[in-house]
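Asker: Input sequences plus hints: build the corresponding full structure.
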Amino acid sequence: MVGNNPAVKNKIEVKDLTKRFGDLLVLDKINFSVAEGEFLSIVGPTGCGKTTFLNLLSTLMPSSEGNIYIDGDVADPTKHNLAFVFQEPTCLPWRTVRENVAFGMEVKNVPEAVKEERLDEIMDMVGLMDCANLYPNQVSASMVQRIAVARAFSVNPDLLLMDEPYGQLDVKLRYYLEDELVALQNKLKSTVIFVTHNIEEAVYVADRILVLSNKPTNVRAEVVVDLPRPRNPMDPKFVEIREHVTELIRWW
Amino acid sequence: MSFAEVKITKEPLMVILPILSIVAFFGIWQSLLSFGVVPSSLLASPLQVLKLFIAKWTQVNPDGALLTTHMWTSIQEAFTGYILALLVGIPLGLAMGWFPIVEGLARPIFELIRPIPPIAWIPLTIFWFGIGIPGKVFIIWIAGIVPCVINSYVGVKMTNPVLIQMARTYGASNWQIFIKICIPSALPMVFGALQIALAYCWTNLVGAELLAADNGLGFMITMGRRLAMPDMVLLGMAMVGLTGAVIGVIIDAVEKRLLAGIRR
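For the protein sequence lines, the chains are A and B, in the order given.
Sequence positions in the first sequence follow my numbering and run 1 to 252.
Sequence positions in the second sequence follow my numbering and run 1 to 264.
Wrong hints could be hidden among the right ones.
Not close to chain B: a few residues of chain A, all C-beta gaps over 12 Å, as computed [claimed, not checked]:
{"#": "1", "residue": "LYS15"}
{"#": "2", "residue": "SER58"}
{"#": "3", "residue": "ASN81"}
{"#": "4", "residue": "VAL107"}
{"#": "5", "residue": "LYS108"}
{"#": "6", "residue": "MET125"}
{"#": "7", "residue": "TYR176"}
{"#": "8", "residue": "LYS187"}
{"#": "9", "residue": "VAL224"}
{"#": "10", "residue": "PRO230"}
{"#": "11", "residue": "ASP235"}
With a straight-line Cα cutoff of 27 Å, these simulated DSS-like cross-link-like pairs (lysine-lysine) come out [as the list claims (entries may be wrong)]:
{"#": "12", "chain 1": "A", "residue 1": "LYS108", "chain 2": "B", "residue 2": "LYS157"}
{"#": "13", "chain 1": "A", "residue 1": "LYS79", "chain 2": "B", "residue 2": "LYS180"}
{"#": "14", "chain 1": "A", "residue 1": "LYS215", "chain 2": "A", "residue 2": "LYS29"}
{"#": "15", "chain 1": "B", "residue 1": "LYS180", "chain 2": "A", "residue 2": "LYS108"}
{"#": "16", "chain 1": "A", "residue 1": "LYS189", "chain 2": "A", "residue 2": "LYS237"}
{"#": "17", "chain 1": "A", "residue 1": "LYS172", "chain 2": "A", "residue 2": "LYS115"}
{"#": "18", "chain 1": "A", "residue 1": "LYS187", "chain 2": "A", "residue 2": "LYS9"}
{"#": "19", "chain 1": "A", "residue 1": "LYS9", "chain 2": "A", "residue 2": "LYS79"}
{"#": "20", "chain 1": "A", "residue 1": "LYS172", "chain 2": "A", "residue 2": "LYS50"}
{"#": "21", "chain 1": "A", "residue 1": "LYS115", "chain 2": "B", "residue 2": "LYS180"}
{"#": "22", "chain 1": "A", "residue 1": "LYS11", "chain 2": "A", "residue 2": "LYS29"}
{"#": "23", "chain 1": "A", "residue 1": "LYS50", "chain 2": "A", "residue 2": "LYS11"}
Keep in mind the hints are simulated off the structure, nothing from the lab.
Note that this is a predicted model, so its numbers are computed, not measured.
Beta carbons are placed, not taken as given, at the ideal position from N, Cα and C, and that holds for glycine.
Answerer: Right, here's the structure in full:
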């Protein structure tokens, strides 16, 4: 499943995406595409304009030039189903876990019956059933990120953006949640762009990895990860890909 | 999985000390008058105030109304003004915090009126409404609206921007973000305003009644001065304090129930 493969439909296309702040060129004509149902990871050196990049992709920030297209149309959060899992917790403290997961569907005016059914399904998948009626300040940090992930998947997103969602969790929990994420994505066939600093994490979850250059940011390389799942980080092939990507980031 | 209540046992000393200080306060006050250290024309003793308190339940004279009538007038005025202040101030403040048009239009006028002490409106209100209830309601409304607007405004402004971004990525409209994110997130501040506004209303009520009234606790205090009855002045003051404290406790309890999810 590769974005350039003509046999698979391209869901997302990013064309000449450019961002300037005054004279500072942050993003320099970024071009890439993502296939429907593909899991794309984006890695890059610190300070490569990752946040700006995500803000443009999510349309929170207007681009200076170029655009992002979903199914051929310019991305628009009121028309397309976008979802964004932020690095920092974004649960609404006045809503219970279940009400938090429902938030995305509520905004999109999903009919009540459909909403309840999908809620049950997704809450069960991510193991939130037991704490459905608790408030976010009563559950652990990993649960809080699960709520955000469940909320994102519940709207059947055309594009799911993830900004280092597990950056603040310990290694063991991280593998566990990454497995869960991959399983969810496999089941629901969502198109995911997952940004991370952690190369091992990128290789672990992604079908394909884009390596960004330093500022002004461009796509410096593309690495296809065609390893079977579940992946083993100790597998020599895994290690080889990981080192290749590390080399690409260091090389400028 | 919820938290277990943590029981905090009060140290015996922290039970005894407050009682001790209250007893000492009233004891010293009483003995100052009993032993003639302070002449009774300047101050009344706690016992005298208590006696008058009991008498005023049934005696109309010398100030023209029962204690309950005074209290009822004051409470009526305070609550009408207070409720009106909440009804106007909170929506206005919330809207000012989110909609630039409202902020641009309302802010300059609000900032101009805000520094004027509510009591300064009294002469105008006497022209407009005489010395009846509506004039006082107006003063109280002016007093209460200021903290309502400010707290609601700041509450919306303090909304975590990531939550707003999150809602935007789901395609939420401006109005949806205002209703679903900004208002709930401003609620703790708004509840703070309920308390502050009530305190403002209550103090300004007494101020208004001191100057223009024929009834009410503030009027009772003024009458105490005119009749040279320190016990009546003190009784009026005590009733103002007690009533204010009781209302504060009630609002606090309501707030705790409504804000179960948001721990401050």
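Asker: Would you mind marking each hint as holding or not holding in the structure?
Answerer: Each hint, compared with the structure:
| no. | hint | verdict |
| --- | --- | --- |
| 1 | LYS15 | 21 Å, holds |
| 2 | SER58 | 5 Å, violated |
| 3 | ASN81 | 8 Å, violated |
| 4 | VAL107 | 4 Å, violated |
| 5 | LYS108 | 6 Å, violated |
| 6 | MET125 | 20 Å, holds |
| 7 | TYR176 | 19 Å, holds |
| 8 | LYS187 | 21 Å, holds |
| 9 | VAL224 | 28 Å, holds |
| 10 | PRO230 | 29 Å, holds |
| 11 | ASP235 | 35 Å, holds |
| 12 | LYS108(A) x LYS157(B) | 25 Å, holds |
| 13 | LYS79(A) x LYS180(B) | 20 Å, holds |
| 14 | LYS215(A) x LYS29(A) | 12 Å, holds |
| 15 | LYS180(B) x LYS108(A) | 13 Å, holds |
| 16 | LYS189(A) x LYS237(A) | 26 Å, holds |
| 17 | LYS172(A) x LYS115(A) | 33 Å, violated |
| 18 | LYS187(A) x LYS9(A) | 18 Å, holds |
| 19 | LYS9(A) x LYS79(A) | 20 Å, holds |
| 20 | LYS172(A) x LYS50(A) | 25 Å, holds |
| 21 | LYS115(A) x LYS180(B) | 17 Å, holds |
| 22 | LYS11(A) x LYS29(A) | 19 Å, holds |
| 23 | LYS50(A) x LYS11(A) | 21 Å, holds |
This entry does not satisfy hints 2, 3, 4, 5, 17, going by the numbered hints stated previously.
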